[in-house]
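Trainee: Below are the chains, spelled out letter by letter.
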Amino acid sequence: MSAAAATTLPAAAPATVPEPRASRAPLWLVLPALMLFTGIVLVPLTMTVLLSFHDWGQYKGIEPVLILKNWHEIATDPYYAEMFGRTLRIALITTLLTALLGAPEAYILNRMSGRWRGIFLLLILGPLLISVVARTLGWALLFGGSNGLANKLLLSLGLIASPLPFLFTETGVVIALVHVMMPFMVLSVWAALQRLDSQVEHAAMSLGAGPLTILRRIVLPQVMPGVLSGAIIVFSLSASAFATPAIIGGRRLKVAATLAYDEFLNTLNWPLGAAVAVLLLAGLVLIVVGANALVERRYAEVFR
Amino acid sequence: MSRNGPLALAFHGLFVIFMLAPIVVVCLVAFTPEGFLSLPTNGFSLRWFRAIADYPEFVHAFWVSLGLGALSSFIALLFAVPAALALTRYAVPGRGALQALFLSPLMIPHVVLGVAFLRFFTAIGFGGTFLALLAAHIVVVFPFAFRLTLAAAAGLDPALERAAVSLGAGGFTLFRRVTLPLILPGVVSGWALAFIQSFDDLTMTVFLAAPGTETLPVRMFLYIQDNIDPLVTSVSACVIAITLVFLVVLDRLYGLDRVLAGKGSH
Amino acid sequence: MTTNLRPSAPLLELEHVAKAFGSHVAVEDFTLAVAPGEFVSFLGPSGCGKTTTLQMIAGFLSPSRGTIRLQGRDLTQVHPSKRGLGIVFQSYALFPHMTAAENVAFGLEMQRVGKAERTERVRAALAMVGLAGYEDRHPRRMSGGQQQRVALARALVIRPSVLLLDEPLSNLDAKLREEMQIELRQIQRDLGTTTILVTHDQTEALSLSNRVVVMSKGRIEQIGTPQDTYERPASAFVARFLGKTNDFSARIEGAAPARIVAGGWSAPAPAGLRGPVTISVRPERISFSESGLPARVAARIFQGNHWLFQCETECGPAIVVRPNDGLAQPGEGEAVRLAWREEDMSIRDMSLRAGAAA
Chain L
1 MSAAAATTLP AAAPATVPEP RASRAPLWLV LPALMLFTGI VLVPLTMTVL LSFHDWGQYK
61 GIEPVLILKN WHEIATDPYY AEMFGRTLRI ALITTLLTAL LGAPEAYILN RMSGRWRGIF
121 LLLILGPLLI SVVARTLGWA LLFGGSNGLA NKLLLSLGLI ASPLPFLFTE TGVVIALVHV
181 MMPFMVLSVW AALQRLDSQV EHAAMSLGAG PLTILRRIVL PQVMPGVLSG AIIVFSLSAS
241 AFATPAIIGG RRLKVAATLA YDEFLNTLNW PLGAAVAVLL LAGLVLIVVG ANALVERRYA
301 EVFR
Chain R
1 MSRNGPLALA FHGLFVIFML APIVVVCLVA FTPEGFLSLP TNGFSLRWFR AIADYPEFVH
61 AFWVSLGLGA LSSFIALLFA VPAALALTRY AVPGRGALQA LFLSPLMIPH VVLGVAFLRF
121 FTAIGFGGTF LALLAAHIVV VFPFAFRLTL AAAAGLDPAL ERAAVSLGAG GFTLFRRVTL
181 PLILPGVVSG WALAFIQSFD DLTMTVFLAA PGTETLPVRM FLYIQDNIDP LVTSVSACVI
241 AITLVFLVVL DRLYGLDRVL AGKGSH
Chain V
1 MTTNLRPSAP LLELEHVAKA FGSHVAVEDF TLAVAPGEFV SFLGPSGCGK TTTLQMIAGF
61 LSPSRGTIRL QGRDLTQVHP SKRGLGIVFQ SYALFPHMTA AENVAFGLEM QRVGKAERTE
121 RVRAALAMVG LAGYEDRHPR RMSGGQQQRV ALARALVIRP SVLLLDEPLS NLDAKLREEM
181 QIELRQIQRD LGTTTILVTH DQTEALSLSN RVVVMSKGRI EQIGTPQDTY ERPASAFVAR
241 FLGKTNDFSA RIEGAAPARI VAGGWSAPAP AGLRGPVTIS VRPERISFSE SGLPARVAAR
301 IFQGNHWLFQ CETECGPAIV VRPNDGLAQP GEGEAVRLAW REEDMSIRDM SLRAGAAA
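Protein chains in written order, with full-length UniProt numbering: chain L, 1 to 304; chain R, 1 to 266; chain V, 1 to 358.
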């Protein structure tokens, strides 16, 4: 039956706009995945939102009622404001640094000759796939108190007079996070550069533009959407990062993800932990969707 | 014309050193002959690699991770391939919404997923089981398998399938003899990428793992929380080596930048 | 008309220019002088070195050997941004983030032309290419033909000493391409801008240029007016590349006066030729006649405004094109005789061709 239907399709139908068909085949193909996601994503998320409204006590455990106790605590206790403020600050600085360093690097990479470009692309994007725990461990070794390699290097270069504290500080967390997130930024800018017509730079040159003018007036405006979408990815991943703040930041320097972990697995106050997690999710969705809409509106005229 | 100046190359050099430094340091420290954290200054030693064998928790966690990664990424494909084919071939109602749903684990922070899974699986009585871990991993790696399969299926010339149909192939034969071989690079890359995601995941897994179902990253994380010694660096070096193998395979098979394009949320 | 252009001092000169990429020679020994106001086409199949030559003139590639001079000045050490050439790229290379007017204004901004003059010149340039009213359009919202026009306006507005066109029409469909050819020719004649066109389309080269440089495998095969290169191709390659042609094997017979003989057709032979030769005749220059080379019509194909005949002769296969003038035409299988005027054929001496071709 499917064979008969397919042969009657017009030969020139574009690949992306398939013919509507009476057949139920697509339903059966999508249904398993749809059920999987309903069962194991939508239901748990709904339960978590509900959980954030439940009550909890040291001895009574979780009480399935709907009250605003946890939300009230987060809204009034300055501890949470400070913690979310720190999360936001770390994510913003990380995003800024990855953009400032990653975008030029992607540009340099794109100007290299074929073989070197492939090798360095592998070296720079490869860490993305290497375990975050292993990479953060590397930073912990480099920072390692006043005796760490980073401090030894900076001291011997005469850049600093006394060892800087990296471990258990926001500076250390940001440095390690920049490393973890950098491939996302390079990748995003790289993709934007790939869409650039190489003749465009030649055209600008033939019209009398020097290298800096070409960079500022021709390349940067076209790559900007790539930088911004990379920034959105880096921001949302940094704001919800767990392993790096947990290992480099230690037990005292809490961010949203490590606090939720503590509430769930140490304090066992699940409803409060759920509220922290839901707030993180809601905040990120708002910021990401808002930023995406802004970027798309700004560049709709040019790139659609 | 398109050459980098000395300033650009100096920047590039520092950048590459920054990207590689922590990874290289971990691998070097793993070879120290000393009993404490140090760079191997007088000779390399494999003592800390041998020491892994004396710490059964790591060995067990490794097998859990390996099994979990292989199984979850394979099962994710069983769901993802039909869904991707359906979404590229038919005018499925609500296609945009479905696609967004299937890619949503990329956008939802893993810590939130971890919390939600812990709540859900505890509530239905599966807390701390391997099955719960497996189900969670299938969902979390699904987008990676799905996205690469989707790209491969969308890039397929529909005339090829029509040609096969006109020659009398249909149903599963069509899939097995024509469609699957053509999208195979995408599917295999999707599997490999999904495997690595599962193998490396800490944030979500740390909420679900119980003693006995701890994965390698979870075991390493908990170990580091207590103390950092050369043992955990040698374990990390092994993890890095395994990842490198996958990395090279992925690069050869599909091109690393294509595999990773849009790996993050959007 | 073309001949009176050449004696004046050349505007652009290429002398023994060569380019090698590693061991691959892309262009060898390219010498050409372009007169002011002239329209020269570089014509050849892909990989013949025409684009490489254009890139060397533009400065995006530097020659391995030879010199390029513009108005007597050596260009070799001049940066592309200082050459003052207008270039239309194959992909148009419009700046996608700028409007049509901003694109055209860019070169003037680089020359620090004042705002008032800039606005006026941009308006005039866009009007010249028929895009008045499209100033604020972004390139992605324009058709291929419109983008092409913006690219042309952008290159011309800076009043370039030479306009370089790199396959500018190859991305347009056939009908639009023909329209643009006429328009391009008109604009070039009006402005008198010296122009170099790179193309693989012989119709385009023949209909637009004063002179054609036919290239193959990095070498110049022939430089001449369009009529010259078509009527008197210097090599078999040129003959074949500029349109269909018939190659007949012929002989030189007798001495003083020697005659050139192809089957039943013969004509007085030029001096100094001996032995077997190849003669080349365009299909539309062959007529059916009472005497001449005996042939048999193998196939007759109706093509609207003309008929195409495939014939077999003892000197090789022949293609004959006759206008559809309403008169009776030979049918398939019919025996005919083929004749042509001796000035319509070119002779290639086999014994000479075995050595150097050029």
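None of these hints come from the bench; they were simulated from the model.
Predicted, not measured: the structure shown is a model, and the values here were computed from it.
Heads up, the beta-carbon is just placed ideally off N, CA and C, and yes, glycines get one too.
Incorrect hints may have been included.
Listed below are several chain R residues computed to face chain L (Cβ distance under 10 Å; list not exhaustive) [to be verified]:
#1 R3
#2 L9
#3 P22
#4 E34
#5 E57
#6 V178
#7 V188
Non-contacting residues of chain R with respect to chain L, defined by C-beta distances greater than 12 Å in every case (computed) [stated by the list, open to error]:
#8 A51
#9 Y55
#10 F74
#11 L87
#12 P185
Just a few of them, taken from the derived set where beta-carbon distance is under 8 Å, the chain L residues facing chain R [claimed, not checked]:
#13 V30
#14 L51
#15 I108
#16 L122
#17 P127
#18 L212
#19 I214
Trainee: Each hint needs a verdict: does it hold in this structure or not?
Mentor: Cross-check of the supplied hints:
no., hint, in the structure
1, R3, "holds (7 Å)"
2, L9, "holds (8 Å)"
3, P22, "holds (2 Å)"
4, E34, "violated (14 Å)"
5, E57, "violated (15 Å)"
6, V178, "violated (12 Å)"
7, V188, "violated (16 Å)"
8, A51, "holds (16 Å)"
9, Y55, "holds (16 Å)"
10, F74, "holds (14 Å)"
11, L87, "violated (7 Å)"
12, P185, "holds (18 Å)"
13, V30, "holds (5 Å)"
14, L51, "holds (6 Å)"
15, I108, "holds (5 Å)"
16, L122, "holds (6 Å)"
17, P127, "holds (6 Å)"
18, L212, "violated (11 Å)"
19, I214, "violated (11 Å)"
Checked against the numbered hints listed earlier, the structure breaks hints 4, 5, 6, 7, 11, 18, 19; every other hint is satisfied.
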